[in-house]
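Take the sequences, apply the hints, and build the full model.
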Amino acid sequence: MIDYEILRLLWWAVLGILLVGIAVMDGFDMGAAILLPLVGRSDMERRIVINTVGPVWEGNQVWLILGGGAIFAAWPPLYAVAFSGFYLAMLLLLCALILRPVGFKFRSKLEGTRWRGIWDTALFLGGLVPALVFGVAFGNVLQGVPFRLDETLRLSYAGTLLGLFNPFALLCGLVSVAMITMHGGAYLACKTEGQIRDRAQRLGSVAGLVMVVLFILGGIWAAKIDGYVVTQFGGVDAPSNPLTKEVARQAGALMLNYGSHPWIMLAPILGIAAGLVAVALMRARRGRGLAFIASALAIAGVIATAGVSLFPFLLPSSLDPKSSLTVWDASSSVTTLAIMTAVTVIFLPIVVIYTAWVYRVLRGPVTAEQIERDSHTAY
Amino acid sequence: MDVVALSRLQFGLTAMYHFLFVPLTLGLSVILAIMESIYVTTGRTIWRDMVKFWGLLFGINFAMGVATGITMEFQFGTNWAYYSHYVGDIFGAPLAIEGLMAFFLEATFVGLFFFGWERLTRVQHLAVTAFMALGTNLSALWILIANGWMQYPVGARFNLDTMRMEVSDFAAVLFNPVAQDKFVHTVSAGYVTGAMFVLSVSAYYLLRGRNRPLALRSMTVAASFGLASALSVVVLGDESGYTASANQKMKIAAIEAMWQTEPAPAPFTLVGLPDTEARETKYAIKIPWVLGLVATRSIDKPVAGIEELVGDARKRIASGLVAYRAMEELRTRRGDPVLTATFDAHVGDLGYALLLKRYMPTVTDATPAQIEAAAWDTVPAVLPLFWSFRFMVALGFYFIALFAAMFYLASSRRLERWRWLLWVCLWSLPLPWLAAEVGWYVAEGGRQPWTIDGVLPTFLSASSVSAADVWTSLAAFVVFYSALAVVEIYLMVRTIRRGPEDQPVPALSPRPAE
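Line order of the protein sequences matches chains A and B.
So for the first sequence, our numbering puts the first residue at 1; every next one is plus one.
So for the second sequence, our numbering puts the first residue at 380; every next one is plus one.
Among these hints, one or two may not hold up.
[What the hints assert, rightly or not] Straight line, CA to CA, 30 Å or less: simulated BS3-like cross-link-like pairs of lysine-lysine:
1. Lys109(A) to Lys736(B)
2. Lys322(A) to Lys736(B)
3. Lys694(B) to Lys628(B)
4. Lys736(B) to Lys694(B)
Keep in mind the hints are simulated off the structure, nothing from the lab.
Structure (C-alpha cells):
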C-alpha cells in the first residue's frame with residue numbers, strides 16, 4: 001500500500017488539477033457565455049457563439065461535477081465545511097449552473113427576440129456568476145473563513161453572504177472573471193471566423209491584460225494580510241482529525257512558502273507570463289491555438305498560486321484557527337485515497353482519449369451555413 | 380419548521396423533481412440505441428428519422444436531468460454537512476467514480492449524438508449512441524451503490540480518531556446485495572418509463588391518424604422493450620423484498636404494517652388500515668403464506684413484526700450506550716485496552732445511542748422513558764408506506780398487462796385494432812413516473828429515522844445552517860423549478876405536436892371523435 005503522506009500530497013495535486021480542469025474546460029464555455037452579448041451582435045452571430053460550445057458544454061460541466069465528487073470522496077471535511085459554510089453563495093452558483101443547460105437547450109427552440117433575449121441573459125449570468133463566485137470563494141479561503149469544529153467534528157459557521165464579498169475577495173472574483181473571459185475569447189477565436197473572431201480576440205486580450213494587472217495587485221495585497229501557520233501537528237500520516245493540531249495567525253504568512261521553497265515562484269510567474277503571451281497573440285491575431293494553450297497555462301498558474309500559497313492549508317479558519325483544514329488532517333482514510341487513486345489512474349486517461357476524439361470530430365469553425373443546415377438540432 | 384425538517388423537505392422535493400427526468404433519460408437512451416441498431420442493420424432511413432425525432436425529446440429531457448442533478452450533488456454538502464463528514468469516506472467514492480466513469484461518458488457523447496450525424500459514419504454514430512446509453516446506465520449503478528450503502532451500510536467501521544465511518548472493505552460496498560437489486564429494479568423502472576413515453580406519444584399520433592409509419596414502428600419497439608422491462612421491474616422488486624427482509628427488517632415490517640411477528644409462513648396483508656396509535660392494522664384482508672414465501676423464500680422462517688424489532692432496537696440502544704460511555708472515557712484515557720475492547724465490542728450499536736440525542740444531549744443520562752421513545756422512533760411512518768407500496772406494486776402489474784396486450788397486438792400487426800386501447804396508452808403516460816416517485820418514497824421513507832441505517836440518525840445529519848437560509852434556498856428552488864417545469868413541458872408538448880419534421884405534417888385538425 002502506498003504511503004498515506006504521498007497519497008495526501010497526490011490528492012492535493014489532484015484537487016488542483018480538477019480545479020484547473022474546471023476552469024480550463026468549463027471555463028471556456030463560461031467565458032464564451034460572458035462574451036456572448038458583446039461579440040454576438042445579431043441573432044445568427046449569437047447562435048454561432050452558442051454553437052461553438054453547444055456540443056461540448058455537457059462534457060465540460062462534468063469537470064465541475066467531478067470536482068464536487070472528488071472533494072467529497074478525498075476531502076470530506078472540506079466538502080462539508082465549504083459547501084455548508086458558503087451556503088447562499090452555493091445557492092447562487094447552483095441557480096447559475098441550472099440556467100446554463102436549459103439556456104443552451106431551450107434558447108433556439110423558439111423564434112422571437114424576447115424569448116431568445118431572456119435566454120441570452122440567462123446564459124451570460126450562467127457564465128459570469130460561477131466565475132465570480134469561484135473567485136470570491138478563493139479570496140475568502142486565502143483570508144480564512146469563520147468556522148469552528150466541536151469535539152464531534154460538527155461544524156458551526158459564523159459568516160454571512162455579504163461578508164464573503166469583502167474587498168480582497170472581490171478582487172479575487174474579478175481576477176477570476178477576467179481570466180475566464182480571456183479564456184472564452186481565446187476559445188472563440190479558434191472556433192469562429194470573421195468579425196466574431198476579431199471581437200473575441202480584442203475583448204479576450206483586454207480581459208487577459210486586466211487579469212494580469214489584478215493578479216499582480218492581488219499578490220501585493222495578499223503579502224500584507226493575515227495568513228496562518230501550523231505550530232504543532234500530529235504528523236503527515238496521522239488520522240484525519242483537524243483538532244489535533246495548533247495553528248497561529250500571522251501577518252504575511254501566505255508568502256512563507258515562497259521563502260522556504262523558492263521554486264514555487266514558478267506558479268505566479270506562469271500565471272503572469274502565459275497570460276501576457278495569450279494577450280500578445282490575441283492582439284496580434286496570430287497563433288489562435290497557441291493563444292488558447294497560453295490562456296490555459298495562465299489559468300493553471302493562477303490557481304496553482306493560490307494552492308501553493310496556502311499549503312498545507314486547504315481551508316483556514318479565522319474564527320478558530322485550530323479547526324483549520326489542512327492536507328494532513330482533512331483527507332479520507334488511506335484506503336479510500338488508494339482506491340480513488342486506482343480508479344483515477346484507470347479512468348482519467350480513458351476520459352481524456354474519448355474527449356480528444358470528440359473534439360477532433362468537431363474540429364473546425366462553426367459557421368452560419370452549418371447552423372442553417374441543421375436548424376432544428378443546432379442550438 | 381426546524382433546519383432538519385426543512386432540509387428533508389428540500390432534499391425530498393429536489394430529488395423527486397430530479398427523478399422526473401432521470402427515468403426517461405435511462406429508458407429513452409436505450410430505446411434510441413435499439414432503434415439506431417435497427418437503422419444500421421437494415422439501412423432503412425425511417426429508423427434514422429425515428430432516432431432523430433425521439434432524440435429531440437430526449438435532449439430536452441436530458442438538459443433538465445443534468446441541471447437538476449447538480450443540485451443533488453451539492454446538497455449533501457450544503458444541507459447535510461455532518462452526514463458528509465460522517466460517511467464521506469465511503470459515500471463520496473461512488474459519487475466521484477460516477478462522475479469519472481459515467482457522467483463523462485454520457486455527457487461527452489450526448490453532444491456528438493446531436494451534432495455528429497454529418498460528421499460520423501453510421502457505425503460510429505451508433506457507437507456514440509450506445510456509449511451515451513451505457514453512460515446513463517452506469518451512472519445509475521454508481522448512485523445506487525451509494526444509496527444502497529445508506530440502506531445497508533456494509534464494509535465500513537467507526538474510527539474513534541477521526542469521529543467518522545471509514546471504509547474497511549470496499550468490495551463489500553461495491554457488491555452490496557441491496558445496491559445490486561436496487562440498481563436493476565431502478566434501471567428497469569426507467570426502461571418502463573421510456574417505453575411508456577414512446578408508447579403514449581405514438582398512440583397520440585395514431586389517434587390523430589398522422590405519422591403512422593413512425594408511430595407503428597416506435598410502438599412495436601416500445602411494447603416489446605416495455606414488456607421485458609415491466610417483467611424485470613416486478614421480478615427484481617420481489618428480489619429487493621427478499622434482500623430487504625434479510626437486511627432491513629424494520630422497513631419490511633412497516634411496509635406490511637405487521638405489528639406482531641406472525642407464525643411462519645407469514646400472510647400478506649392485501650389491504651387494511653394501519654393504526655399507529657393502537658399498533659394494529661384494522662380491516663385487514665390477508666392472503667396466507669405469501670409474505671413468508673416472498674420475504675424468506677421458505678415456509679418455516681418467520682418474518683419479524685414491528686414490536687419484536689422495537690424490542691431489538693431497545694437492546695441495541697443499551698449496547699450503544701455502552702459504546703458511547705467508553706468513547707467518552709477514551710477521550711481522556713486514550714488507548715486504554717479495557718475501554719478499547721469494550722468500545723470495539725459495542726461500536727456496531729453506537730448509532731442507536733445517537734438516537735437518544737433528540738431527547739437528551741448527554742445521551743448517557745437518558746431516562747428509561749426516553750430510551751423507550753427512541754426505540755419506537757425506529758419505526759417509520761407505517762400508514763403511508765403500507766399504501767404507497769401497494770400502489771406501486773399495483774402499477775407494476777398494470778404495466779405488465781398493458782405492455783403484454785400491446786406486444787400481442789404488435790406481433791399480430793393489429794396495433795390500431797382497438798381505438799380505446801390507444802387512449803388507454805395515451806392516458807397511462809404519467810403512471811410510470813407516479814410509480815417511480817412512490818417507489819422512492821417507500822425506499823427512503825422506509826429508511827427513516829436514519830440517513831445511514833442503524834449508523835446515523837437523520838436529525839443529526841443536517842448542516843448547522845440557519846432555518847432562514849434553508850427557507851431561502853427552498854423558496855428559490857420551488858420558484859425556479861416550477862418555472863423550468865412550465866418551460867420544459869411546453870417545449871415537450873410543442874415538439875410532440877410538431878412531430879418529426881421530415882414527415883409531412885398534416886393540419887392540426889383532429890379527426891372527429893368516434
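We went through each hint and held it up to the structure:
1. Lys109(A) to Lys736(B): This hinted pair is violated, its Cα atoms lying about 53 Å apart.
2. Lys322(A) to Lys736(B): Since the Cα atoms of Lys322(A) and Lys736(B) sit roughly 26 Å apart, the hinted pair holds (cutoff 30 Å).
3. Lys694(B) to Lys628(B): holds, 16 Å
4. Lys736(B) to Lys694(B): Status holds; Cα separation ~17 Å.
When each numbered hint is compared with the structure, a violation occurs for hint 1 only.
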